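Trainee: Sequence:
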Amino acid sequence: MPDANISNSITIDPALPDMQLALQGLQNSLHAMQTEIARQTIALEQLQTSRRQLLESQVARLLPDFSGTTLDALVLACPGFVDDMVRATFSENRKILGLFARPGAATALTTLKIRLAFFLDTQKGAELRNVDEQIASANEEKHQLEKLRYETQAAIKMLEKYQASGQAVPAEVQAYIRQLAERARQIAARQVGGPADNSSTEYDNSSYDSYNSNAAFPWLYFSQDISHNFDYEPAARSHVQEEARHPSDAPAALVNCVTDASSTPGSTDQLACRTDDTLGAYS
Numbered sequence: 016m017p018d019a020n021i022s023n024s025i026t027i028d029p030a031l032p033d034m035q036l037a038l039q040g041l042q043n044s045l046h047a048m049q050t051e052i053a054r055q056t057i058a059l060e061q062l063q064t065s066r067r068q069l070l071e072s073q074v075a076r077l078l079p080d081f082s083g084t085t086l087d088a089l090v091l092a093c094p095g096f097v098d099d100m101v102r103a104t105f106s107e108n109r110k111i112l113g114l115f116a117r118p119g120a121a122t123a124l125t126t127l128k129i130r131l132a133f134f135l136d137t138q139k140g141a142e143l144r145n146v147d148e149q150i151a152s153a154n155e156e157k158h159q160l161e162k163l164r165y166e167t168q169a170a171i172k173m174l175e176k177y178q179a180s181g182q183a184v185p186a187e188v189q190a191y192i193r194q195l196a197e198r199a200r201q202i203a204a205r206q207v208g209g210p211a212d213n214s215s216t217e218y219d220n221s222s223y224d225s226y227n228s229n230a231a232f233p234w235l236y237f238s239q240d241i242s243h244n245f246d247y248e249p250a251a252r253s254h255v256q257e258e259a260r261h262p263s264d265a266p267a268a269l270v271n272c273v274t275d276a277s278s279t280p281g282s283t284d285q286l287a288c289r290t291d292d293t294l295g296a297y298s
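Going by my numbering, the first residue of the sequence shown is number 16, and it counts up by one from there.
These are computed hints drawn from the structure, not numbers from a lab.
For clarity, every value in this text was computed on a predicted model and none was experimentally measured.
Here a beta-carbon is modelled for each residue, glycine too, at the ideal position from N, C-alpha and C.
Keep in mind that the hints are not guaranteed to be accurate.
[Unchecked claim] Only pairs whose alpha carbons sit at most 30 Å apart, straight line, appear in this in silico DSS-like list of lysine-lysine:
{"hint": "1", "residue 1": "Lys172", "residue 2": "Lys157"}
{"hint": "2", "residue 1": "Lys162", "residue 2": "Lys172"}
{"hint": "3", "residue 1": "Lys128", "residue 2": "Lys139"}
{"hint": "4", "residue 1": "Lys176", "residue 2": "Lys157"}
{"hint": "5", "residue 1": "Lys162", "residue 2": "Lys176"}
{"hint": "6", "residue 1": "Lys157", "residue 2": "Lys128"}
{"hint": "7", "residue 1": "Lys157", "residue 2": "Lys139"}
[Stated by the list, open to error] Quick list of the computed label-pair ranges, beta carbon to beta carbon:
{"hint": "8", "residue 1": "Asn154", "residue 2": "Ala92", "range": "28 to 34 Å"}
{"hint": "9", "residue 1": "Asp98", "residue 2": "Arg76", "range": "36 to 42 Å"}
{"hint": "10", "residue 1": "Arg102", "residue 2": "Glu148", "range": "33 to 39 Å"}
{"hint": "11", "residue 1": "Gln63", "residue 2": "Thr125", "range": "21 to 27 Å"}
Kindly produce the complete structure, drawing on both the sequences and the hints.
Mentor: Structural data, given as structure tokens:
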């Protein structure tokens, strides 16, 4: 589980203006995600280690030696594994008089164990399937959180650009900034033990409430729906000023672009007519 002390180390001032509060909330969320991704990475490594140990224990149990008893048990447990080559290997490496190991038997046993491990890995019994499902689930959760982290970083940069440029923020972005600010105020109220006001936001608290019922890690999914709300980016200040000085340049350039494209049928160079999407879409 995440460290409960993290929520105390990234407190927030609810009196801040909406823009600053949204930015602070996003930064806190980014910090929480980075911490959780690191935790998930360790958990995945532990699952992978458990899977390897499980496979090794199955091989050790099924193939301890080259005795007849082991071969009979192996036929019952893994009939698809025991072919003519396996039978010949057992026959060639059985102990002399049941007491003395044959030369090269240890190497042959190691080689056969590797082959058995590969067989068990491809067959995926119930225990391995269970571990593999846990690994797949943990990988998917980590991937989604890494995607959210990327989107949150992009949103922080975009809001900082709006602040630096002094341009008006689009209405759609303003609405989401207000939502983020309200979310941050709710979390701040929880951190000081006060009641959370859920009436002024559509924030779905179920994500982190189900993750941690005592809300000790509230920032983790603070920006959960961010990809649907930040599709705008402020233009460069120099570009805006240039358009203000030459208001007729843009239409003229558009007409020239269309004329040039129509006068050269089959041309593959359309770069001049493409718009620049510097933020892009994450997939």
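Trainee: Work down the list of hints and note, for each, if the structure agrees.
Mentor: Now for the hints, and whether the structure bears them out:
A threshold of 30 Å between alpha carbons decides the hint, and for Lys172 with Lys157 the separation of about 23 Å falls inside it, so the pair holds. For the hint linking Lys162 to Lys172, the alpha-carbon distance of about 16 Å falls within 30 Å, and the restraint holds. A C-alpha spacing of about 16 Å is found between Lys128 and Lys139, which places the hinted pair at or below 30 Å, so the restraint holds. This hinted pair checks out: Lys176 and Lys157 have alpha carbons roughly 29 Å apart, not beyond 30 Å.
Restraint check for Lys162 and Lys176: the C-alpha separation of about 21 Å stays at or below 30 Å, so the hint holds. At roughly 33 Å between alpha-carbon atoms, Lys157 and Lys128 are farther apart than 30 Å, so this suggested pair is violated. A threshold of 30 Å between alpha carbons decides the hint, and for Lys157 with Lys139 the separation of about 24 Å falls inside it, so the pair holds. Checked against the hint of 28 to 34 Å, the pair Asn154 and Ala92 passes, with Cβ atoms roughly 30 Å apart.
The given range of 36 to 42 Å is broken by Asp98 and Arg76, whose C-beta atoms sit roughly 20 Å from each other. Between Arg102 and Glu148 the beta carbon distance is about 35 Å. The supplied range of 33 to 39 Å therefore holds. Restraint check, Gln63 to Thr125: a C-beta distance of roughly 22 Å satisfies the suggested window 21 to 27 Å.
In this structure, the earlier hints numbered 6 and 9 are contradicted, and the remaining ones agree with it.
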